[in-house]
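Student: One letter stands for each residue in the lines below.
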Amino acid sequence: MTPTPRLDRPIRLLLSLAFGAIAALLVLTQVVSYFRSREVQANVDLIAEDALASIRRVQRLGTDIQRQRILIDRHILERDIIDMDRTEKQIAAIGADYADTARQYAALAPVGEEASAWLRLQDDVGATDAAYRAALALSRKNLDPQAREALSAAEPSYAAVERDVDLLVAINQTAADQALMRVRQVQHSMLVLRSVLALAGVLITLVLGFSVTRLVARGEDQLKHYAGALELRNRELDAFAGRVAHDLRGPLTAISLSASRLFERMPQDEGGMAIFRRGVQRMEELIDDLLSLSRITAEAAGMICQIEIVASAIEADLGPKVTEVDGRLRLQMQPARVRCSEGLLREVLWNLGENAVKYRRPEVPLQLEMIGHATHQHYELRVSDNGSGMSSSDARRAFDPLFRGEQARSTTPGTGLGLAIVKRIVEASGGTVTVDSHVGQGTLFVVRLPLAGEPAARPTQ
Amino acid sequence: MADLIVVDDDHDLGDILADILRSRGHEIRVARSGHEALQLVAERRPEAVVLDVEMPVLSGPDTAHLLLIRNCGDEEIPIVLLSGIVDLRRVAARVGTPYFLAKPYELEAIVQLVARALAERTPPTPAGKP
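Protein chains in written order, with our numbering: chain A, 1 to 461; chain B, 1001 to 1130.
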């Protein structure tokens, strides 16, 4: 297994803190913005309600006094008593509107300069009130010149009322402007705060990004280093296994020949010879398998083969072996070019086929199928039989080197390397192999190998 | 029967091979290296040479090559190659001999192969330099 470099604990803690800080900054920015916006909105509403309402009412008061003045002028010009009554009613209605608006304005509780201006307005209105009542009484008696005189005498008071109204409007306007200025200041300070927070976030992100990139690069270098070292060790191990297996062949030959020579001289011990031959044969198989296992990685690299060639070769190799046990071999492989050495793929199919023959059920004729077809990017080979099958625990360990199932160990000869070789060949070629087996029903191996090119159209039987 | 030279750096294997072939009536001389084999051939040309492939200093194929380039009749001697190497078939093709046997082999196999080599007497015909 390739060791995965892990980040040091302090670095992981630092990264967590930094990410936490960025998240906290973002949340803080949003929360502050939300509450400040609400505050600003409330201020704006207050200004709109208070200052603008005051201005509107003061202007209304001024308008009422002006309209009252105009109606008195009209009253002086009128001769008919009915017209005069109607005008007086209008004047009284305006007076009532004035009183109502004045109450509303007073309810806003003006303070400071505004309060004194308000008192002054009330005094000046009081002066115009006395003048207009005197003028009205004279006009009613049709003493028009005297009435006009009385009204003219109140002219300064009317002018004072106009000034008072203008002053009150100006005071309220100034208050509104100042409040708006305060709102702008708040908005500006909020913008500065948000910018500072955003800048801090960007800076932390940059520093963090730089650190993470460096860490990842360092991790990748370490990983490459480990992978390289591991590959080298694997190659050394393979070479060692190959060397050992090869060197075992010399002494094994000497043992085998010496024993044969010995048994030639003692021909009566046939049983002993048979046991000896079996032992030598098993050792030969083990050496062959070890050698196969050790040369897979080197042999598999970059090789491509034609499935149809392998199919006909395996039919020739395996066919007689299956027929010998009264079994049936069905081979149906869609032609394709796959990424695997021809010899190694033959070895894969041979090992799987040989296993099917070895572990067949004696009471049922062997049915061995090898079906292959190209899928999207892979070539899928399904090798199935109706043999004795494996338990799920045996199936899980089936590809382990030197593993042999409980039953297989006691009944069938073998090295326990066949499926390990299959797995290693398939994986060295960039593919996968899986097994699905049920005791008393049979076994299915699915081998997937990468395709090397477009598959041909004609199927091979 | 035949006059043979068995060449193997593994003393035990050389000895047992010699013993087996002697038991089949052949006259056997044993060499422990390629150089020793060349010397024995120079002393008296055998009817066949049974040659191990992997030997220190002078390997089996190199020994066969030196026999060939002497061009004095030694190139006609049939060569029987024995080895535990994986690609023995390819090495035999390079040497140009049809007689080769992978270790570990059985007694009857080597006896029969030597008999075949003596019957056919096909000299090595190398495809290229060993």
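Treat the hints with caution; some may be incorrect.
For each label pair, taking beta carbons as the anchor points, the in silico distance ranges come out as [as the list claims (entries may be wrong)]:
(1) A:R361 / B:R1032: 31 to 41 Å
(2) A:T434 / B:H1035: 26 to 36 Å
(3) A:R361 / B:H1035: 55 to 65 Å
(4) A:R361 / B:D1003: 19 to 29 Å
(5) B:R1032 / A:T434: 51 to 61 Å
Calculated Cβ distances over 10 Å to all of chain A for the following chain B residues [claimed, not checked]:
(6) I1020
(7) V1030
(8) L1066
(9) G1084
(10) K1103
(11) P1104
(12) E1106
(13) P1123
Quick caveat, the hints were computed from the structure, so don't treat them as lab data. All C-beta atoms, glycine included, are put in the ideal place defined by N, C-alpha and C.
Student: So I1020 (chain B) supposedly isn't at the interface. Is its beta-carbon more than 10 Å from every beta-carbon in chain A?
Tutor: Violated, because the least Cβ-Cβ distance between I1020 (chain B) and chain A comes to about 6 Å, which does not exceed 10 Å.
Student: Quick one: work out the minimum CB distance from P1123 (chain B) to chain A and report holds if it exceeds 10 Å, violated otherwise.
Tutor: P1123 (chain B) clear of chain A: closest Cβ-Cβ about 26 Å, beyond 10 Å.
Student: CB of R1032 (chain B) to CB of T434 (chain A), is that within 51 to 61 Å?
Tutor: Check passed, 52 Å falls within 51 to 61 Å.
Student: The hint says 19 to 29 Å between R361 (chain A) and D1003 (chain B); measuring C-beta to C-beta, is that right?
Tutor: Violated, since R361 (chain A) and D1003 (chain B) (Cβ atoms, about 56 Å apart) do not stay within the stated range.
Student: With 55 to 65 Å as the target window, see if R361 (chain A) and H1035 (chain B) comply at their CB atoms.
Tutor: holds, 59 Å
Student: 26 to 36 Å was suggested as the range; check whether the CB atoms of T434 (chain A) and H1035 (chain B) agree with it.
Tutor: About 55 Å separates the Cβ atoms of T434 (chain A) and H1035 (chain B), which means 26 to 36 Å is violated.
Student: Minimum Cβ separation between K1103 (chain B) and chain A greater than 10 Å?
Tutor: violated, 4 Å
Student: Holds or violated: is the Cβ of P1104 (chain B) farther than 10 Å from all Cβ atoms of chain A?
Tutor: Violated, because the least Cβ-Cβ distance between P1104 (chain B) and chain A comes to about 4 Å, which does not exceed 10 Å.
Student: With d taken as the least Cβ-Cβ distance between G1084 (chain B) and chain A, does d exceed 10 Å?
Tutor: violated, 3 Å
Student: Quick check for students: does the CB of E1106 (chain B) sit more than 10 Å from each CB in chain A?
Tutor: Label violated. Min Cβ-Cβ 7 Å, cutoff 10 Å.
Student: Can we confirm that no CB of chain A comes within 10 Å of the CB of L1066 (chain B)?
Tutor: The claim stands: L1066 (chain B) keeps its Cβ more than 10 Å from every Cβ of chain A (closest is about 23 Å).
Student: Check the following: the C-beta atoms of R361 (chain A) and R1032 (chain B) are separated by a distance inside 31 to 41 Å.
Tutor: violated, 54 Å
Of the hints listed earlier, those the structure fails to meet are numbers 1, 2, 4, 6, 9, 10, 11, 12, in rising order.
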